[in-house]
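K.L.:
As you go down the protein sequences, you meet chains A and B in turn.
Heads up: the first sequence begins at 1 in this note's numbering, then just goes up one per residue.
Heads up: the second sequence begins at 1 in this note's numbering, then just goes up one per residue.
It is worth saying that the hints were derived from the structure and are not from the lab.
Idealized CB from N, CA, C, for every residue including glycine.
A portion of the hints provided could be inaccurate.
Selected chain B positions facing chain A (in silico; Cβ < 7 Å) [what the hints assert, rightly or not]:
1. F24
2. V52
3. V83
4. E84
5. Q96
6. G108
7. F109
8. R134
9. D135
10. S138
11. R143
Result set (DSS-like, lysine-lysine): computed pairs, CA atoms no more than 27 Å apart in a straight line [unchecked claim]:
12. K15/A <-> K88/B
13. K15/A <-> K40/B
14. K685/A <-> K441/A
15. K139/A <-> K99/A
16. K675/A <-> K423/A
17. K423/A <-> K685/A
Under 10 Å between C-beta atoms, here's a sample of chain A residues computed to sit facing chain B [stated by the list, open to error]:
18. F27
19. T195
20. S247
21. Q508
22. G698
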Amino acid sequence: MTGGGGWVGAPVPRKEDEALLTGRARFIDDMEPVPGIRHAALLRSPHAHADIVSIDISNAVSHPGVHGVVTGVDISAATAPIPSAVRVPIDYYPMAVDKVRYAGEPVALVAAEDRYAAEDALEAIEVEYRPLPPVIDPKAAMEDDAPLLHEAVGSNVVHRRSFRYGDPETAFAEADRVVRLDWTFPRYSSTPMETCGVIARFEPAPDRYTIWSNFQGPFILHALMSGALGVPGNRLRLITSPQSGGSFGIKQGMYPYMVLLAAASRLLDMPLKWIEDRLEHLTGSSAASNREDAVEAAFRDDGTLTGIRFLNVVDVGAYIRAPEPASVYRMHAASNGAYRVGNIDVDNRLVTTNRLPIGLNRGYGGPQFFFALERVMDAGARALGIDIAEIRRRNFIPRDAFPYRAPAGALYDAGDYEAGLDKALDLAGYDALRAERGRAKEEGRLFGIGMATAVEPSGSNMAYVTLAQTPEERARAGGRSGGLGTCTISIDPSGAVTVKTVSTPAGQGHATVAAQIAADALGLAPDDIDVVTEIDTLTSAWSLASGNYANRFSSVVVDAIGDAARGVADKVRAVAAEDLEVAPEDVELTGGAARVVGVPEKSLPFRRVAAKTHWHPAGLPDGMAPGIFETAILSPPGLGPPDERDRVGSAVTFGFICDLAAVEIDPGTGRVEVKKYVSVHDVGKILNPLIVEGQIIGGFAHGIGGALMEEMVYDEDGNPLSGTFADYLCITAPEMPTLDIGHVDTPSPHTALGSKGMGDGCSMLAPTAIANAVADALGREDVEPPFTLNRVWDLVAQGGEAG
Amino acid sequence: MLRIAPGARHRVTVTVNGRPHSGFAESRTLLSDFLRHELKLFGTHVGCEHGVCGACTVEIDGRAVRSCLRLAVQVDGAEIGTVEGLAKDGALSPLQEAFRRRHALQCGFCTPGILISATQFLEANPDPTEAEVRDMLSGHICRCTGYEGMVRAILDVAGGAS
Chain A
1 MTGGGGWVGA
11 PVPRKEDEAL
21 LTGRARFIDD
31 MEPVPGIRHA
41 ALLRSPHAHA
51 DIVSIDISNA
61 VSHPGVHGVV
71 TGVDISAATA
81 PIPSAVRVPI
91 DYYPMAVDKV
101 RYAGEPVALV
111 AAEDRYAAED
121 ALEAIEVEYR
131 PLPPVIDPKA
141 AMEDDAPLLH
151 EAVGSNVVHR
161 RSFRYGDPET
171 AFAEADRVVR
181 LDWTFPRYSS
191 TPMETCGVIA
201 RFEPAPDRYT
211 IWSNFQGPFI
221 LHALMSGALG
231 VPGNRLRLIT
241 SPQSGGSFGI
251 KQGMYPYMVL
261 LAAASRLLDM
271 PLKWIEDRLE
281 HLTGSSAASN
291 REDAVEAAFR
301 DDGTLTGIRF
311 LNVVDVGAYI
321 RAPEPASVYR
331 MHAASNGAYR
341 VGNIDVDNRL
351 VTTNRLPIGL
361 NRGYGGPQFF
371 FALERVMDAG
381 ARALGIDIAE
391 IRRRNFIPRD
401 AFPYRAPAGA
411 LYDAGDYEAG
421 LDKALDLAGY
431 DALRAERGRA
441 KEEGRLFGIG
451 MATAVEPSGS
461 NMAYVTLAQT
471 PEERARAGGR
481 SGGLGTCTIS
491 IDPSGAVTVK
501 TVSTPAGQGH
511 ATVAAQIAAD
521 ALGLAPDDID
531 VVTEIDTLTS
541 AWSLASGNYA
551 NRFSSVVVDA
561 IGDAARGVAD
571 KVRAVAAEDL
581 EVAPEDVELT
591 GGAARVVGVP
601 EKSLPFRRVA
611 AKTHWHPAGL
621 PDGMAPGIFE
631 TAILSPPGLG
641 PPDERDRVGS
651 AVTFGFICDL
661 AAVEIDPGTG
671 RVEVKKYVSV
681 HDVGKILNPL
691 IVEGQIIGGF
701 AHGIGGALME
711 EMVYDEDGNP
721 LSGTFADYLC
731 ITAPEMPTLD
741 IGHVDTPSPH
751 TALGSKGMGD
761 GCSMLAPTAI
771 ANAVADALGR
781 EDVEPPFTLN
791 RVWDLVAQGG
801 EAG
Chain B
1 MLRIAPGARH
11 RVTVTVNGRP
21 HSGFAESRTL
31 LSDFLRHELK
41 LFGTHVGCEH
51 GVCGACTVEI
61 DGRAVRSCLR
71 LAVQVDGAEI
81 GTVEGLAKDG
91 ALSPLQEAFR
101 RRHALQCGFC
111 TPGILISATQ
121 FLEANPDPTE
131 AEVRDMLSGH
141 ICRCTGYEGM
151 VRAILDVAGG
161 AS
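Hey, can you work out the whole structure from these sequences and the hints?
P.N.:
Laid out in structure tokens, this is it:
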């Protein structure tokens, strides 16, 4: 029995904040972990596609302050190519070797006494390029005569797999109505305010690397990095910075730069620091994928969705970079979304183009997937003359069907989707909105309502990406499954408690929530507990799935914290029980003490009991190991390997989101004014309502930015046109619409605390809900975000349905 | 007129948060880099280096300024205020307290600049409307919070809430 102090679920202000508010928190560019660091700058390709004929570094090497120059030929000699789950003959190195494939690709590195000198010397490097025709559009890249990025592959289509579940052919043949939408989802990125940063040091005898960075994981990539560097895992030590200034997935994509800096440190025999600048971030880091093609939905006249077919063309950019093709497989096991539909067809084609390689970004694969599914639901409703809320109600998985095994293998843990919908309609004043739409139509105003719903997969199965391989290929490669969570809680000889979450947060308040959980288990207050969230792969207990992505913290890591805390509590109670001369089950931890249940005056201070495990091992109960250093390694339920029919339990928990948007379009300017935006969430048990609300609003900000403003634009020659924050428009405070948040939370049976993963949230739905509302307002389905003034004004000027 | 040759370093002396500081800067050294890497005041953050994001905002002689758009040699002799100077005697300022209470920060990387701007703003406009607060914040980019918490926090302080 433990105290259960009620900290979990309370709006505890964050432990992290005071250091951040006073300028004392430390980020990667604040760190000088070893003496003698030199500063690196990267020369990047100005061409989207070109052969490298020659590189002359002689003038750069002799530039004042320069300590060395490294080119791609040097890097390719010092490292092995970095593989992905797609087995194609592409040798991917973190620096171009003989050919550049996107504007912004690294071509050379200069190390100098400071960044200014390093950048000066970049200008002294002479590179002769032989330009090649670029291909930017993924559909064009699929043509037979398209310029090839990787000649050895023989095609720009680097991956194609088709999947079927149920009997989609019959469903479509027997449908009353088939609704098809051709769609395009743009490329954007969540652009954290802190860019990527790496400090790398090589040491010989034995050869080993240490890399300090703001890398966010997943640490499955550690294996790729150590493989590329040619050292066993324990000789690649990754240490994350105490704080990370936002990531949203993008700081996964820095691992090639970690390899690059580590290899350069070896070649130049000096520790190197590289801090990505904003231009580099916007053109050379990573981005969410643009995806396009078509979706087809088979309906009965009553709105029942009987079949769905996804035709996906994914632009992976210049290289398919691990963990890609995960972005197209993250949602795959949940291809039915929130609906009962059992007949599903999926065709995935991944295409290389002369753009920046893609990677994780908030919602990872969700915004693109739900754009297809949820746009065709609204379009289907309009085609069938059924209300957009009603068509969803008729197709939702019912509340008594959970846990629900989805056709492609996801196990939905808990939900009440209809209650979530009702809550959203209620919060939105749906009837009044519809009345307003009717009035607007009479008055000739452009007013529309759109919806979107999502399931939110959280706590990823490391094996879902192997859906990219056939069952035969998977069998040959050996088994893979799971998504382990780890946590260590230690009590030192002073009796002080430290929780190590190895969860590498970038602002999500992990330290606070970890302290709440441990406080409840140990009968302490969160202020009594220190939390270390960074990872050190040489000294932390970690595993492949460690890191901060896929809403992993509240779906997996919290239970590892709980397990470790229970282990500590059991031990403390056992020690106290002997001293108090009662049975361990008669001891409770509460108010900073171990107390005899029902006899509160009979107690011992927690710290004293805990410290005894260090100071007096001979006085411990018989057979008890001394000290307290409790590591929990949690294997979440349901994360088995993909089966022979390509079904996989892809995630631990599945939250639910229901968004409703109403917009009015100014025909004179093309401005889309968001008149109402409601979002209802099922996050399971809420662990800290302050943090949950903050995550929901933050996810909405990313989603609404993607809906209205953000796009990584390339011209037809492959030149990136959005290389500054004056060109890549992030949403600012006056542009943020009001968000009305509701909750219908159903506790997850897959987690001990009942919490579900959350955080992606509206980032997955706002582009779609807004697109649906714009489509409703304009009376046409061919609408694509971002809904910028130009784009919407053009649509209004064209009037009516095009094509 | 002072002339500094390319590559030459010039001593720059400033007062930061009421204390004298001195270091060397080239003619081209940005104030943001000078504060961080020469004076080792890492509280000021750099988000874009082209004057859009506002993360590097500091106070120079009573005005909020983006330190990535100033050269260190331009501020020789100036009074500079940074995030490190906002808490007095170990106690958070009312605005810092409100940011904490309202969960106005997540990663906290943009926060130093926003605190400087908001502190300045409230001195000039102690009773702003929400629209005025949002307009002031339009000079800053935050990617985590959606701005809601900081709007509430600033209005709390303006309204005298604690």
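K.L.:
Hint by hint, note whether the structure agrees.
P.N.:
Here's how the hints hold up against the structure:
no.: 1; hint: F24; verdict: violated, 12 Å
no.: 2; hint: V52; verdict: holds, 4 Å
no.: 3; hint: V83; verdict: holds, 4 Å
no.: 4; hint: E84; verdict: holds, 4 Å
no.: 5; hint: Q96; verdict: holds, 4 Å
no.: 6; hint: G108; verdict: holds, 3 Å
no.: 7; hint: F109; verdict: holds, 3 Å
no.: 8; hint: R134; verdict: holds, 4 Å
no.: 9; hint: D135; verdict: holds, 6 Å
no.: 10; hint: S138; verdict: holds, 5 Å
no.: 11; hint: R143; verdict: holds, 5 Å
no.: 12; hint: K15/A <-> K88/B; verdict: holds, 20 Å
no.: 13; hint: K15/A <-> K40/B; verdict: holds, 25 Å
no.: 14; hint: K685/A <-> K441/A; verdict: violated, 42 Å
no.: 15; hint: K139/A <-> K99/A; verdict: holds, 23 Å
no.: 16; hint: K675/A <-> K423/A; verdict: holds, 18 Å
no.: 17; hint: K423/A <-> K685/A; verdict: holds, 18 Å
no.: 18; hint: F27; verdict: holds, 7 Å
no.: 19; hint: T195; verdict: holds, 8 Å
no.: 20; hint: S247; verdict: holds, 8 Å
no.: 21; hint: Q508; verdict: holds, 7 Å
no.: 22; hint: G698; verdict: holds, 5 Å
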